[in-house]
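S.K.: From first to last, the protein sequence lines are chains A and B. So the first sequence is numbered by our numbering: it starts at 1 and just counts up by one. So the second sequence is numbered by our numbering: it starts at 286 and just counts up by one.
There could be a bad hint or two in this list.
Estimated spans, in silico, between C-beta atoms of each pair [what the hints assert, rightly or not]: (1) A:Leu200 / B:Arg372: 36 to 44 Å; (2) B:Gly491 / A:Ala25: 24 to 32 Å; (3) A:Gln167 / B:Gly305: 15 to 23 Å; (4) A:Ser182 / B:Leu383: 28 to 36 Å; (5) B:Ser296 / A:Ser171: 22 to 30 Å; (6) B:Val441 / A:Leu32: 20 to 28 Å; (7) A:Arg108 / B:Tyr330: 19 to 27 Å; (8) A:Gln46 / B:Gly349: 53 to 61 Å; (9) A:Leu200 / B:Gly349: 48 to 56 Å; (10) A:Ile118 / B:Gly368: 38 to 46 Å; (11) B:Gly569 / A:Ser171: 38 to 46 Å; (12) B:Phe364 / A:Leu200: 27 to 35 Å.
Dumping the calculated DMTMM-like pairs for lysine to aspartate or glutamate here, alpha-carbon to alpha-carbon at most 25 Å [stated by the list, open to error]: (13) B:Lys395 / B:Asp307; (14) A:Lys107 / B:Asp307; (15) B:Lys399 / B:Asp482; (16) A:Lys107 / A:Glu166; (17) A:Lys107 / A:Glu66; (18) A:Lys107 / B:Asp482.
Hints are computed from structural coordinates only; laboratory data are not their basis. These numbers were taken from a predicted model, which means no experiment stands behind them. Cβ atoms here follow ideal geometry from the backbone N, Cα and C, with glycine treated the same way.
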Amino acid sequence: MAATAPGEKPLAASPSTWLVWAGMAAFLVFLLGLLVSVVVDSFGRQWFATWLPLEATTDWYASSWERFSLGHVIGVTVGVALAVVVISVLVGVPAAYLLARRNFPGKRFVNLLFLLPILMPPITYGIPLATVMYAFGLGRSVVAVVLVNLVPSIPFVIMTMTPFIEQINPSIEHAARMCGASMRQVFLRVLGPLLVPGILAASILVLVRTVGMFELTFLVSGPQSDTLVVAIYRAMTSAGGGEARQLVSAMAVMYTTTMLVMLIVALRFVNPTQLVAQVKEARDD
Amino acid sequence: MTAVGSRSTASLRHRLAERGVDVSLLFLLPALLLIVGLFVYPFSYGIGLTFQPSALVQERWGGGVLANYVAFFSDPFVFDSVGITMRLALPAALFNVLASVPVALVLRRKFRGKRLVTSILVLPITLGTVLTAQGLLIFAGRQGWLNRFLLEAGIVDEPLRLVNNYTGVMFSLIITGFPFAFLLISSYLSGIDPSLDAAARTLGAGWWQRFRRVTLPLLAPGLATTFILTFVLAFSVFPSARLVGDAMGETRVMSLMAFRAFGEQNDYQMASTIALMMGVIELGVVALVLLWRSLLYKGSTGGKG
């Protein structure tokens, strides 16, 4: 299993490598056990003192769909996520371009301003922000959910796009300008196509983050504007010891499937390990 | 051309453009406006709120405008949550960072199925804390597969209590935090030019020497950054502390306290105080790590380190 490149034998066979593989295997077993038990739970009628549930059923899906009006919840989730992605890309990419290419007075300060929301725990700014939202009468509305999710998303787009833009050779833009292209043309015809992979990567990450964002959404959402994660949390903690475990499991499976599909799509477009820097593949000589 | 000092005949617009101020700065405007409106303003408003304690808090703890802070530091129920949060977040972040280094090093080599293994390791990012919580409750609960396996294999006599306590939250922090740390570490690692390692090998350095003298110093700033980001994630545990933890005991973390004041007691002032203190404590840790990082090598690592 471990790599045995020619001339590297002693390293590949080292016990430490096997230890790492064993650790990884343990993590994966744990992870799979976790996932599979939720799936099994969601399909079982009764599951107490046995390895597997006694009877299989798909009833939990139908009843959780109805009980939590999941059609509406998923609609809200997708709508909010798309709105956040579109707005944060539209707002973040031009800002990232400027931060990557220009020097201007106060640039360090602006950088810090965009870094703070990423560094602070969401609750720290979430609670004052939610207080303001309620004061403006926006509490529990979908607009509020979109707005709170923009706070970490815009800096995130800027942070991921700035290095991406930096590694595009500026002489390409200069050449276009020399050939008489206007600023607009440079953007649409030259930079745009070059930026597409970066924008896609950033959007998918923002999408995944927004769908999975619990803390901020939870602070401002209400019954009509809950996203899927928040709905699951509420089902798990609702008064009277929470809903039947299998109902929650069924919701959880639906959520995971959605996220998984998004992640697989994402991995087709981006190599996750290349986010921070453009990579030189390790040479195998 | 030095516009500063010597009197230039160029127009103001030209002079400003020379220092980097021109129309294109407008690109920055929407992002700035949104961040100021949604982050800076509410945040300063929240700081203001902390100095307007409710009558109840003022009466109970005294201290005038500072009553919220007095309450924060002298109410053991609230103040103990600081230590509880640290006891969870620091070990979890440290473990995630330290465990990702060997994994990233091993996965850096070329082998069959590399993409698959990487994808599976990254998978938990999509699960989110709420899902991990549900999975842990079922898998590691009293009747779960884990305990059942341990019992039947004769490793333990009684089912282990792994959820609804400290261990449960720790598991959940590792499951959600490790993939994230791993992703960051491997991207920092791939930013290090492999020819440096090859050069060290040519000079006869052994495995440990290459790691200790070449890779580690180049990786250290990345380690610091990753630690900060995973620490931030772990520090604001909230759903897992409530769902797989012991919300009123061992895992009564600060975010739970803040939310209790916000959602259950509707004491926005106290909630803001706790939230603000969370930020202060967290940024304190981050500043310490950054300080340490500033002592490290900062040059080029062949990528962005």
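S.K.: Assess, step by step, whether the Cα of Lys107 of chain A is no farther than 25 Å from the Cα of Asp482 of chain B, and give holds or violated.
M.R.: violated (36 Å)
S.K.: Taking the beta carbons of Ser296 of chain B and Ser171 of chain A, is their distance inside 22 to 30 Å?
M.R.: holds (28 Å)
S.K.: How does the Cβ-Cβ distance of Val441 of chain B and Leu32 of chain A compare with 20 to 28 Å: does it lie in that range?
M.R.: For Val441 of chain B and Leu32 of chain A the Cβ distance comes to about 21 Å; the hint holds.
S.K.: So the hint says 48 to 56 Å: do the beta-carbon atoms of Leu200 of chain A and Gly349 of chain B match that?
M.R.: holds (54 Å)
S.K.: Take the C-beta atom of Gly569 of chain B and the C-beta atom of Ser171 of chain A, compute their distance, and say whether it sits inside 38 to 46 Å.
M.R.: holds (44 Å)
S.K.: For the pair supplied as a hint, Lys107 of chain A and Asp307 of chain B, confirm whether the alpha-carbon distance does not exceed 25 Å.
M.R.: Answer holds: Lys107 of chain A to Asp307 of chain B is near 14 Å, not above 25 Å.
S.K.: Look at the Cβ atoms of Ser182 of chain A and Leu383 of chain B and judge whether their distance stays inside 28 to 36 Å.
M.R.: Once the Cβ atoms are compared, 52 Å apart, the range 28 to 36 Å for Leu383 of chain B and Ser182 of chain A is violated.
S.K.: Starting from the range 19 to 27 Å, see whether the pair Arg108 of chain A and Tyr330 of chain B falls in it by beta-carbon distance.
M.R.: Holds - the Cβ-Cβ distance for Arg108 of chain A and Tyr330 of chain B, about 25 Å, lies within 19 to 27 Å.
S.K.: Checking one constraint from the list: CA of Lys399 of chain B to CA of Asp482 of chain B, max 25 Å. Satisfied?
M.R.: Holds. Lys399 of chain B to Asp482 of chain B sits at ~21 Å (cutoff 25 Å).
S.K.: Does the hinted range 38 to 46 Å hold for Ile118 of chain A and Gly368 of chain B at CB?
M.R.: violated (26 Å)
S.K.: Take the C-beta atom of Phe364 of chain B and the C-beta atom of Leu200 of chain A, compute their distance, and say whether it sits inside 27 to 35 Å.
M.R.: Given range 27 to 35 Å: violated, Cβ gap about 46 Å.
S.K.: For the hint 53 to 61 Å, verify it against the beta carbon of Gln46 of chain A and that of Gly349 of chain B.
M.R.: The hint (53 to 61 Å, Cβ to Cβ) holds, given that Gln46 of chain A and Gly349 of chain B are roughly 59 Å apart.
Checked against the numbered hints listed earlier, the structure breaks hints 4, 10, 12, 13, 17 and 18; every other hint is satisfied.
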